[in-house]
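Listed below, chain by chain, are the residues.
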Amino acid sequence: EDQVTQSPEALRLQEGESSSLNCSYTVSGLRGLFWYRQDPGKGPEFLFTLYSAGEEKEKERLKATLTKKESFLHITAPKPEDSATYLCAVQVGSGGSNYKLTFGKGTLLTVNP
Amino acid sequence: SQTIHQWPATLVQPVGSPLSLECTVEGTSNPNLYWYRQAAGRGLQLLFYSVGIGQISSEVPQNLSASRPQDRQFILSSKKLLLSDSGFYLCAWSSQNTIYFGEGSWLTVV
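So the sequence lines, in the order shown, correspond to chains A and B. Just so it is clear: in the first sequence, position 18 is 18 by the working numbering, and no numbers are missing. Just so it is clear: in the second sequence, position 23 is 23 by the working numbering, and no numbers are missing.
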């Protein structure tokens with residue numbers, strides 16, 4: 001069974017204090033790993049897709065990396081507006097037009113001013 | 001640009017009552033459409049997906065059903081709600097290997 005585990009469950013940082021969120025996965029046939037940001041009471045907002053080990057993507061203060069077993073979301077000098085739940089998801093399968101994702105439970109990030 | 005609309009945003013329903021959540025996508029044609037549920041303490045769970053009009057696949061056995069009467073319309077329904085149906089329901093569509101979510105509907109079954 002495909003599994004996605006995110007750690008820590010919650011992380012509290014001071015503004016400017018860099019850190020990383022972890023997403024480890026056990027799947028067969030990984031087609032892509034996705035990161036989303038979710039604000040309270042809202043739908044998830046797409047951030048990144050990573051397809052192969054060694055790949056990196058950046059957006060503002062966020063950088064996502066991928067290995068064969070896990071992905072990291074690095075947050076550099078975070079600001080209070082970066083506070084949100086960050087979700088990791090994997091897409092598996094042999095092909096076709098259906099893009100089903102298996103999600104982790106998320107990491108709740110709080111950045112204090 | 002593509003947009004996704006989902007309604008109602010919140011609803012409180014008694015046990016045993018019916019349910020209808022609606023979702024429409026604008027700015028694209030023949031999208032893949034999805035219904036996810038997010039329950040407290042659990043990850044997003046895929047409920048249904050559709051690759052075309054009238055084509056529905058169910059991922060989780062339950063008392064919910066989905067329909068796609070038009071290309072860009074996706075409906076989640078139930079004839080009789082259970083307490084365990086409470087949660088945050090999200091409609092989504094996919095393009096170029098990325099899934100985009102709507103704003104969600106909060107359902108509380110009392």
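Since the hints were derived computationally from the structure, they do not count as laboratory data. You may find that some hints are simply not true.
[Unchecked claim] If the Cβ cut is set under 10 Å, some of the chain A residues that face chain B in the computed set are:
#1 8
#2 17
#3 34
#4 46
#5 51
#6 62
#7 63
#8 91
#9 92
#10 105
#11 112
#12 113
[Unchecked claim] Over the 10 Å line for every Cβ pair with chain B, so calculated as not near, a few chain A residues:
#13 22
#14 29
#15 68
[Claimed, not checked] Beta-carbon label-pair distances, calculated as ranges:
#16 9(B) - 9(A): 39 to 47 Å
#17 2(B) - 60(A): 19 to 27 Å
#18 11(B) - 39(A): 40 to 48 Å
#19 18(A) - 30(B): 40 to 48 Å
#20 110(B) - 40(A): 31 to 39 Å
#21 10(B) - 58(A): 30 to 38 Å
#22 74(A) - 42(B): 24 to 32 Å
#23 61(A) - 53(B): 38 to 46 Å
#24 110(B) - 74(A): 23 to 31 Å
For every residue, glycine included, the Cβ atom is placed at its ideal position computed from N, Cα and C.
Hint check:
Evaluation of the residue 8(A) hint against chain B yields a violated restraint, the C-beta minimum of about 15 Å exceeding 10 Å. Look at residue 17(A): its Cβ only gets to about 27 Å from chain B, farther than 10 Å, so that hint breaks. The interface hint given for residue 34(A) holds, since its Cβ lies 7 Å from the closest Cβ of chain B, which is under the 10 Å cut-off. A least Cβ separation of about 6 Å between residue 46(A) and chain B falls short of the 10 Å threshold, and the interface hint therefore holds.
Hint on residue 51(A) holds. Least Cβ distance to chain B is approximately 9 Å, under the 10 Å limit. Taking 10 Å as the C-beta contact cut-off toward chain B, the hint placing residue 62(A) at the interface is violated, the least distance being around 16 Å. With its C-beta approaching chain B no nearer than about 19 Å, residue 63(A) sits outside the 10 Å limit, and its interface hint is violated. Given the 10 Å rule on beta carbons, the hint for residue 91(A) holds: about 7 Å separates it from the nearest Cβ of chain B.
Hint on residue 92(A) is violated. Least Cβ distance to chain B is approximately 12 Å, over the 10 Å limit. Among the interface hints, the one on residue 105(A) holds; its C-beta lies about 5 Å from the nearest C-beta in chain B, closer than the 10 Å criterion. This hint is violated: residue 112(A) has a C-beta 24 Å from the nearest C-beta of chain B, more than the 10 Å allowed. Nearest Cβ of chain B to the Cβ of residue 113(A): about 27 Å, over the 10 Å cut. The hint is violated.
With a closest Cβ-Cβ approach of about 15 Å to chain B, residue 22(A) is found to remain outside the 10 Å limit, as its non-interface label requires. No beta-carbon of chain B is positioned within 10 Å of the beta-carbon of residue 29(A); the least distance is around 14 Å. The beta carbon of residue 68(A) is kept farther than 10 Å from every beta carbon of chain B, the shortest such distance being approximately 20 Å. Separation of residue 9(B) from residue 9(A) is about 27 Å and departs from the stated range, judged on CB atoms against 39 to 47 Å.
Checked against the given bound of 19 to 27 Å, the beta carbons of residue 2(B) and residue 60(A), roughly 23 Å apart, stay inside it. For the hinted restraint 40 to 48 Å between residue 11(B) and residue 39(A), the CB-CB distance of approximately 21 Å leaves it violated. Between residue 18(A) and residue 30(B) the Cβ separation comes to about 43 Å, which falls inside the hinted range of 40 to 48 Å. A C-beta distance of roughly 22 Å is found between residue 110(B) and residue 40(A), which places it outside the suggested range of 31 to 39 Å.
Between residue 10(B) and residue 58(A) the CB atoms are about 36 Å apart, so this pair conforms to the stated range of 30 to 38 Å. Under the hint 24 to 32 Å, the C-beta atoms of residue 74(A) and residue 42(B), about 26 Å apart, fit the expected range. For the hinted restraint 38 to 46 Å between residue 61(A) and residue 53(B), the CB-CB distance of approximately 42 Å keeps it satisfied. Against the hinted window of 23 to 31 Å, the Cβ-Cβ separation of residue 110(B) and residue 74(A) comes to about 43 Å, which falls outside the hint.
Checked against the numbered hints given earlier, the structure breaks hints 1, 2, 6, 7, 9, 11, 12, 16, 18, 20, 24 and satisfies all the rest.
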